[in-house]
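**Student:** Take the sequences, apply the hints, and build the full model.
Number of protein chains: 2
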Amino acid sequence: MFKAFVLPLLLLCSARLACAGANCGYQTCNLGDENSLNVHLVPHTHDDVGWLKTVDQYYYGANQKIVQAGVQYILDSVVSQLLLDPNRRFIYVEMAFFARWWLEQSDHVKSQVKMLVDEGRLEFILGGWCMNDEAATHYNAIIDQMTLGMTFLNRTFGPCARPRVAWQIDPFGHSREQASLFAQMGFDGLFFGRLDFEDKQLREKELKMEEIWRGSESLDSPNADLFTGVNENGYGPPSGFCFDTYCADEPIMDDNSLEEFNVKDKVNFFVDAARRQAKHFKTNHIMMTMGSDFQYENAIMWFKNLDKLIKYVNAAKKNVTVFYSTPSCYLYALNQADKEWTVKTDDFFPYAERPHSFWTGYFTSRPGLKAYTRESNKFLQVCNQVEASSYFKNHQNTLSRTSAALKAAMGVAQHHDAVSGTSKQHVANDYAKRLYIGRESCKSVISEVISGSASQLTFCDYLNVTLCNYTQNMQQFTVIAYNPIGREISRYLRIPVDGSASFDVVDMATGNSVASELVPVTEATTSVRRNRGNAASELLFLATEPALGYQQYKVTKRSVSTNFLKKNPISKTKGDITISNEFYKVVFDGNSGLMKTVVNSASQIETMISQQLLWYNASLGNSASNQQSGAYVFRPNSTNPFHISADGKAEVKLVQSDNPLVQEVYQKFSDWAYQVVRLYKGKKFVEVEWTVGPIPVDDKWGKEIISRYDTPMVTNGYVYTDANGREVLERKYNYRPTWNLNQSEPVAGNYYPVNSRIYIKDSKYQLTVLTDRSQGGASLKNGSLELMVHRRLLGEDGKGVGEPLNETGQFGDGLIVRGKHWLLLDTITSSQRQHRLLAEEIFMSPLVAFQNVTSDTNTMGSGSWLVAPLPDNVHLLTLATTPDGVLIRLEHQFTKSDDAELSKPVTVSLKNLFKNFQPTSVEELWLGANAKKDDVTRLQWKLSERTKRENRVYNFERPYYDVTNDFQTSLGDNFDVTLQPMQIRTFLMK
Amino acid sequence: MFKAFVLPLLLLCSARLACAGANCGYQTCNLGDENSLNVHLVPHTHDDVGWLKTVDQYYYGANQKIVQAGVQYILDSVVSQLLLDPNRRFIYVEMAFFARWWLEQSDHVKSQVKMLVDEGRLEFILGGWCMNDEAATHYNAIIDQMTLGMTFLNRTFGPCARPRVAWQIDPFGHSREQASLFAQMGFDGLFFGRLDFEDKQLREKELKMEEIWRGSESLDSPNADLFTGVNENGYGPPSGFCFDTYCADEPIMDDNSLEEFNVKDKVNFFVDAARRQAKHFKTNHIMMTMGSDFQYENAIMWFKNLDKLIKYVNAAKKNVTVFYSTPSCYLYALNQADKEWTVKTDDFFPYAERPHSFWTGYFTSRPGLKAYTRESNKFLQVCNQVEASSYFKNHQNTLSRTSAALKAAMGVAQHHDAVSGTSKQHVANDYAKRLYIGRESCKSVISEVISGSASQLTFCDYLNVTLCNYTQNMQQFTVIAYNPIGREISRYLRIPVDGSASFDVVDMATGNSVASELVPVTEATTSVRRNRGNAASELLFLATEPALGYQQYKVTKRSVSTNFLKKNPISKTKGDITISNEFYKVVFDGNSGLMKTVVNSASQIETMISQQLLWYNASLGNSASNQQSGAYVFRPNSTNPFHISADGKAEVKLVQSDNPLVQEVYQKFSDWAYQVVRLYKGKKFVEVEWTVGPIPVDDKWGKEIISRYDTPMVTNGYVYTDANGREVLERKYNYRPTWNLNQSEPVAGNYYPVNSRIYIKDSKYQLTVLTDRSQGGASLKNGSLELMVHRRLLGEDGKGVGEPLNETGQFGDGLIVRGKHWLLLDTITSSQRQHRLLAEEIFMSPLVAFQNVTSDTNTMGSGSWLVAPLPDNVHLLTLATTPDGVLIRLEHQFTKSDDAELSKPVTVSLKNLFKNFQPTSVEELWLGANAKKDDVTRLQWKLSERTKRENRVYNFERPYYDVTNDFQTSLGDNFDVTLQPMQIRTFLMK
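First to last, the sequence lines map onto chains A and B.
Here full-length UniProt numbering is used: position 727 in the first sequence is 727, and no number is missing along the way.
Here full-length UniProt numbering is used: position 702 in the second sequence is 702, and no number is missing along the way.
Certain hints may be false.
Note: identical chains are not told apart, hence a pair may lie in one copy or across any two.
[As the list claims (entries may be wrong)] Simulated crosslink set (DSSO-like; lysine-lysine; CA at most 27 Å straight-line):
hint: 1; residue 1: K264; residue 2: K200
hint: 2; residue 1: K264; residue 2: K65
hint: 3; residue 1: K208; residue 2: K282
hint: 4; residue 1: K110; residue 2: K311
hint: 5; residue 1: K264; residue 2: K433
hint: 6; residue 1: K942; residue 2: K557
hint: 7; residue 1: K653; residue 2: K205
hint: 8; residue 1: K65; residue 2: K308
No wet-lab data here; the hints were simulated from the structure.
**Tutor:** Quick look at the structure:
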């Protein structure tokens with residue numbers, strides 16, 4: 001029996017709910033008829049923030065030759081159609097589009113839209129700047145893009161516009177961390193569209209299309225719990241009921257004098273569809289997503305036919321009640337239903353649409369764009385920080401430029417066809433260009449704050465390939481290294497210089513000389529640079545920056561070359577080759593040239609580790625399936641990867657065994673695949689820098705390049721990958737936690753997204769690889785771990801992008817990509833601590849700029865915005881100005897179980913954290929910064945008895961969720977913020 | 001110098017103008033800036049009343065797989081967009097769609113639309129039920145379809161909605177009669193889009209894109225004069241400015257922070273386009289047609305971008321002023337300009353889009369549909385007449401069904417892709433089905449009026465192929481012959497009967513026996529009928545019906561066969577064969593079987609006339625052009641047609657030389673091409689009944705079948721063809737009156753539309769052929785005349801219909817079509833009189849129905865609605881009930897020069913015309929019945945001096961047009977209506 005759905009209006013609009021007026025949010029919901037099957041029709045459009053066309057082209061409806069789609073018209077059209085009938089509802093999702101449209105509207109239209117929003121007729125769902133990808137995105141960027149969109153909504157419309165529901169209908173797999181973040185943003189639920197086809201079949205059968213998703217192993221329930229629903233039809237309407245311009249379904253023709261009168265048929269088909277769908281869900285409510293990609297450009301068509309559908313289905317009295325609704329209202333109806341819900345603790349990766357069709361290629365697609373997006377995040381954080389520091393100093397914004405462009409560009413870049421690498425090439429170029437433009441603004445901001453002049457500092461974007469005309473041609477210059485981390489960091493900097501000279505490096509804060517050495521430019525670097533620069537060496541020195549601040553070094557060229565550069569020129573050697581530092585020794589096989597053994601001297605661990613670059617041949621379809629490898633889908637044609645060199649060996653080109661600061665081995669697998677393996681003095685990791693490309697395709701094989709580490713470790717099929725750079729999930733070969741997998745792709749079907757780290761472990765040791773960008777990763781055999789670093793394809797996977805992922809690059813012959821892996825081999829216990837801290841360092845590495853040596857610069861030396869460094873386990877996730885004050889996010893960057901010491905709760909005082917700034921008020925906000933923590937209470941859900949018995953997924957005793965938790969609720973006078981493991985707390989400081 | 005465009009508001013809204021309020025019609029016009037080039041932007045949609053989809057499918061937006069188009073959404077969308085901004089304007093054309101949409105609207109929407117109409121923001125242009133074809137349509141049907149649309153508008157919106165401008169933007173060639181009719185409907189101007197490409201080039205050069213078109217040689221100017229403009233771009237926008245869903249032009253992107261900002265480029269391109277166009281026109285006003293087929297389904301796109309275009313072009317101050325306008329306002333601006341205009345007296349046939357691409361195939365395409373449409377017109381007129389007679393009798397409508405469905409079906413069927421034969425097959429089927437449904441209603445109406453019961457009469461639709469189960473199986477039945485003509489008519493009826501019996505026929509009005517005879521069913525008829533009937537004979541007798549009334553005959557089967565049927569069974573003969581009656585003798589060559597000589601015994605004329613069926617092989621493109629023959633385009637692959645039989649002979653199958661009532665020769669050219677040549681006792685014409693099909697295409701040649709008459713007459717390349725069944729135009733081989741023709745297609749480029757008659761003449765004699773439907777006709781050599789009777793094609797002419805014109809018919813092997821030509825050979829003087837009267841008879845032949853013999857029916861006998869017959873030269877064009885009274889149209893069916901006697905003016909008294917009805921008031925209306933004659937004054941135009949000097953095109957002395965004419969203005973007490981030659985007068989009688 002279903003209980004009555006009487007809506008307790010007064011109760012709902014309690015003081016703790018965000019209610020602008022009497023009727024707002026859930027109060028506007030139609031909950032249908034308790035004795036009937038209730039069908040929530042949700043008119044919606046899915047507007048990709050760039051994909052086949054650029055975001056600008058999509059907005060304006062330009063470049064229609066590629067595809068017909070114009071978001072400006074969608075919003076125009078929907079608003080005018082909503083105004084015609086108060087029963088009609090619509091949801092809008094992507095603020096990158098809405099915010100732009102809003103700016104163009106007249107006051108009259110704005111007031112009409114505000115009315116629609118206040119009355120729940122136009123409802124914002126998700127409300128991020130985009131609907132972000134979940135596989136290749138970093139949590140820092142996810143939070144920023146959600147904040148950008150949701151704070152726009154809050155500032156524009158107030159609390160009535162606050163999105164209650166997250167809406168990830170199109171991303172290709174779903175991350176547990178994303179669920180955790182959404183929960184922390186105050187969302188009451190999440191709906192999505194894509195999941196493994198076997199998973200969906202089972203869920204339909206077991207009525208688990210809707211569950212509680214536990215997003216964190218560290219955060220106490222329900223803080224990271226999120227009600228999560230799978231949409232019956234992805235995000236499209238049931239078959240036969242698509243009434244858009246793009247569809248060919250017959251409209252409802254209700255003039256019964258006409259030949260084609262079809263009301264009776266339409267009603268019957270619809271009722272059948274509703275009943276079929278209802279069999280997969282627990283309550284007498286179901287939701288139908290009435291829309292799709294860029295639909296509602298002519299909203300008349302949809303609404304006119306939905307009006308008729310509602311009218312005729314309800315009139316038919318078939319015990320099916322249909323009405324306009326929204327995901328929030330549907331969620332609320334579920335919440336009001338007297339049901340218990342099961343709990344899910346794993347994630348929805350990888351996504352297989354059908355056998356042989358695993359969407360695991362995009363974990364790596366467009367590695368250049370992925371790295372540029374990751375690096376741009378750092379730019380944005382630095383930009384935000386220096387804006388805040390300027391605000392601290394001046395108590396107002398005095399800067400000539402802002403971070404706004406980069407914020408928006410980063411918001412756009414998180415889209416599920418942007419950083420995912422699944423857009424058309426011209427759109428990928430546009431994403432990069434937007435980031436570039438945003439970074440240029442931020443360079444100006446950073447320069448103005450640090451040097452006092454917006455154009456004073458010089459930034460070199462191509463330091464990674466030893467390209468910087470400025471440093472190469474100056475007799476004397478200064479190097480400014482900005483550290484966005486809340487603790488002191490030392491990092492080796494590599495500055496392109498003229499190889500014939502030698503250099504003095506002086507710490508300008510202390511006046512002390514700093515040890516430096518010259519490192520020759522590798523053949524790989526020359527191959528990447530082509531004719532764009534001729535710096536022969538990199539000047540290497542260890543820069544130490546204060547917490548959240550910068551350090552300046554003066555570099556002076558000397559006329560006489562020193563002997564820092566050992567064993568130059570390059571020579572070929574025989575026999576094993578070893579490099580070592582205080583922590584590690586790495587041995588290379590003199591015959592094969594491949595890594596052979598890694599020794600952790602401190603922990604006294606020695607393991608055979610063979611590492612090599614290999615390639616899979618991209619499938620163009622075979623007898624089992626016509627599925628090709630493409631931007632989305634990874635499908636190798638053979639299970640075993642191929643060697644890059646004909647004989648499977650790397651050619652060892654150089655050993656620098658006795659340089660004081662760095663020891664390097666250069667490996668050349670072919671003229672398109674190089675590596676440098678490095679040990680830096682004092683650094684507890686092995687750096688493996690790979691340079692791959694132009695990937696040759698003359699043999700008509702698309703190629704997917706992996707870096708594979710093979711060890712004798714007994715790993716039993718287990719591998720561990722992070723989710724969006726934060727918590728780590730356990731993966732097992734050919735296994736899914738919630739259903740019996742029928743594995744159709746032994747390679748692609750075992751790939752998982754790696755954002756920052758991947759590791760394998762045996763009973764004692766752990767081999768960890770930290771990445772500098774998102775990549776696909778897997779463990780396909782015992783003791784083995786692989787990361788896909790680059791891919792170039794000739795086929796197309798048929799998912800709509802319509803062009804092969806064939807990045808030809810600036811010179812037309814194929815894109816060359818360079819990146820880094822940091823390799824850790826240590827005990828399991830100490831590995832966690834190391835990878836947490838090193839991941840922060842690789843992610844937030846110092847931002848380097850250059851400046852002329854003048855009397856001014858000589859005095860800059862160093863600076864820090866902090867009174868004292870933050871504890872090691874606290875990550876300063878956000879420090880940014882907003883129109884309302886300064887936004888700060890502090891994060892406990894350890895899980896409950898990472899480290900005996902660092903996993904403990906930690907307290908930071910906001911009162912005395914910053915130089916020049918003592919906040920007078922500190923308000924805690926939800927993670928998206930769009931609502932005060934106190935103003936919003938999330939819906940509570942009842943868990944199933946069965947779930948309660950299963951400790952594995954249910955780790956506390958309370959049978960019901962409640963709003964109490966273990967977290968601090970009052971900060972005290974000093975604004976002392978206590979962080980639990982993995983907790984992120986968001987504050988507005990004034 | 002341009003004179004000022006100050007709008008004399010008060011003057012315009014004089015008592016003689018139709019002004020609902022102070023601002024209506026031309027008073028709402030923006031006339032721009034007199035010192036600037038003024039660009040009238042005309043947002044419009046062109047909504048085919050069926051073409052690729054049926055009219056219902058187009059209305060609803062169904063069958064989207066064929067093409068995306070939904071008129072309901074266009075009107076929804078346009079209305080909502082017009083409401084947003086009073087500057088926006090839109091025109092709507094096709095009432096078949098608008099009237100349906102209107103019925104579905106709420107009172108609120110209706111009042112909004114009325115406001116838009118009153119304010120000139122939504123303007124109705126043309127206002128017909130459809131935009132009719134001009135080549136294959138009969139004037140009766142044109143007037144009816146225009147009346148249906150325009151009276152809907154008048155009843156719904158009043159005089160403000162009266163269309164001022166005719167809008168024939170898509171039809172494929174333009175008829176002079178159409179211009180004449182439009183002038184008589186009160187239109188001030190006509191704009192169209194398609195004309196011969198050479199014609200257009202010259203007009204652009206000579207600034208003759210706009211002229212005065214003189215539509216009649218009989219009606220005094222300016223009664224049939226019409227200002228006529230050629231649109232610069234057909235009916236599309238200038239290149240680069242199509243902002244519809246269907247277009248790929250870039251929108252105006254005016255956010256200058258965006259990469260793709262294009263305002264400056266768009267403005268420059270537009271100004272250039274406007275200046276280029278202005279070079280082709282006389283004034284500083286030009287019109288741009290901003291729309292196309294089924295555009296504005298999402299009107300937001302168009303209006304939003306046009307708003308911006310207007311804003312930015314005007315702001316650019318480039319001496320180009322852009323504004324929303326309508327064709328009426330553009331016309332009014334031209335009228336206000338101080339310009340003189342040249343006069344055109346010929347027409348715009350044939351239409352060549354480019355060399356080798358003559359749209360002359362559709363003159364014949366779908367001959368079955370063309371005949372069905374023509375015959376349905378008769379059905380409708382009869383239906384209207386009996387409805388009126390019922391109203392006369394009962395002073396109210398007491399009938400259970402009405403003519404409405406057939407009116408609408410006929411309105412739809414006149415569309416330029418309907419009767420033209422240029423729709424897809426499924427749409428052609430739909431047109432026929434609509435006519436069928438309408439006819440079924442009318443059968444009920446006719447039955448109810450004549451027999452007193454809606455189901456009493458039986459109608460046999462297939463009498464032309466001797467199919468009628470009713471007559472074949474009854475021992476006794478009555479035949480009712482209804483004569484829709486206003487004078488007494490005698491016509492031979494042919495009733496399918498059992499061949500083994502003989503029959504008595506009795507005139508039920510007089511009780512007199514009527515001579516009859518049995519005619520055997522031909523092989524051709526058997527081939528058409530297949531298994532659908534087995535009537536062995538036709539019972540032939542002469543039925544004489546009173547003016548505008550019916551006559552009833554009783555037929556009784558006798559058990560013993562008589563000897564009426566001579567020379568049966570069929571036998572083959574040798575030697576010449578002759579048939580004859582009082583007027584004609586026709587001799588056939590016994591060897592070839594072909595017609596050889598025709599003798600007009602009365603006029604003592606004897607001429608060699610060879611007649612045969614031949615075929616052109618349809619081009620599939622050649623080296624000169626890839627143009628194929630298709631539904632629109634006729635392009636034979638060879639200049640000379642081919643014989644149908646292998647030896648070029650027809651096989652003479654039967655001669656019935658001595659039957660009293662009819663003498664027939666059967667010809668068989670092949671098993672898919674037959675003829676019967678007949679002479680009826682007392683009938684002064686030679687009937688040639690052709691039966692063609694299934695046209696074989698096994699040889700991969702599409703075939704276009706002609707009937708050609710070759711004589712020794714010296715005709716000097718001249719041939720005469722009617723326009724829409726009314727006035728006749730002179731055509732000359734490889735010649736156009738207004739430009740030097742570069743003939744690329746010696747056959748197709750000399751084809752002209754024939755609606756009712758075609759003739760050639762030498763110094764003494766005239767050979768006339770009357771047709772029963774529209775056909776293409778030509779004279780390609782001296783003394784020769786040909787009519788295309790059927791076509792079946794395998795290629796496609798690339799004009800959008802997307803399928804070959806390959807009518808496969810009910811049995812799938814090809815459509816068989818039967819039709820009649822009435823051949824006249826006489827002096828020129830007497831031929832005119834004959835073809836005028838016989839054309840009326842062939843067009844309005846008696847409608848035949850059958851009834852059981854009961855006591856009731858025995859007393860019916862005959863009936864006429866008229867007190868006395870109309871004079872021979874008066875055609876009762878319309879007699880129909882309307883909500884306001886009875887509509888009557890009387891037509892003088894002779895031209896000024898047709899006949900010494902019958903061409904004189906003639907007077908008819910409406911007071912005493914009808915039995916049971918003496919009108920109390922009679923108001924003269926414009927031809928479209930949507931306005932009183934007194935309420936509307938047409939715009940006056942100044943003719944050029946050069947035109948005035950050319951008597952050929954200018955036959956009166958007045959330098960200016962004025963509103964006086966030679967026509968009667970007062971009817972007097974008896975409502976005496978005087979008709980001038982070719983004059984049609986329209987009255988509302990109450």
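**Student:** Evaluate each hint against the coordinates.
**Tutor:** Tested hints:
Proximity of K264 and K200 under a CA criterion of 27 Å is satisfied in neither setting, with 32 Å inside one chain copy and 52 Å between copies. Taking the shortest Cα distances, K264 and K65 sit within 27 Å of each other only across copies (22 Å), while inside one copy they are farther apart (38 Å). Taking the shortest Cα distances, K208 and K282 sit within 27 Å of each other inside one copy (8 Å), while across copies they are farther apart (75 Å). Within a single copy, K110 and K311 get their C-alpha atoms only as close as 31 Å, which misses the 27 Å cut-off; across copies the closest is 21 Å, which meets it.
Only between protomers do K264 and K433 lie at most 27 Å apart by alpha-carbon distance; the minimum there is 23 Å, versus 53 Å within a single protomer. Within a single copy, K942 and K557 get their C-alpha atoms no closer than 70 Å, and across copies no closer than 90 Å, so neither meets the 27 Å cut-off. Taking identical chains as interchangeable, the C-alpha atoms of K653 and K205 are never at most 27 Å apart, the minima being 59 Å within one chain and 77 Å between chains. Proximity of K65 and K308 under a CA criterion of 27 Å is satisfied inter-copy only: 22 Å between copies versus 33 Å inside one chain copy.
When the structure is compared with the earlier hints, violations turn up for hints 1, 6, 7 and for no others.
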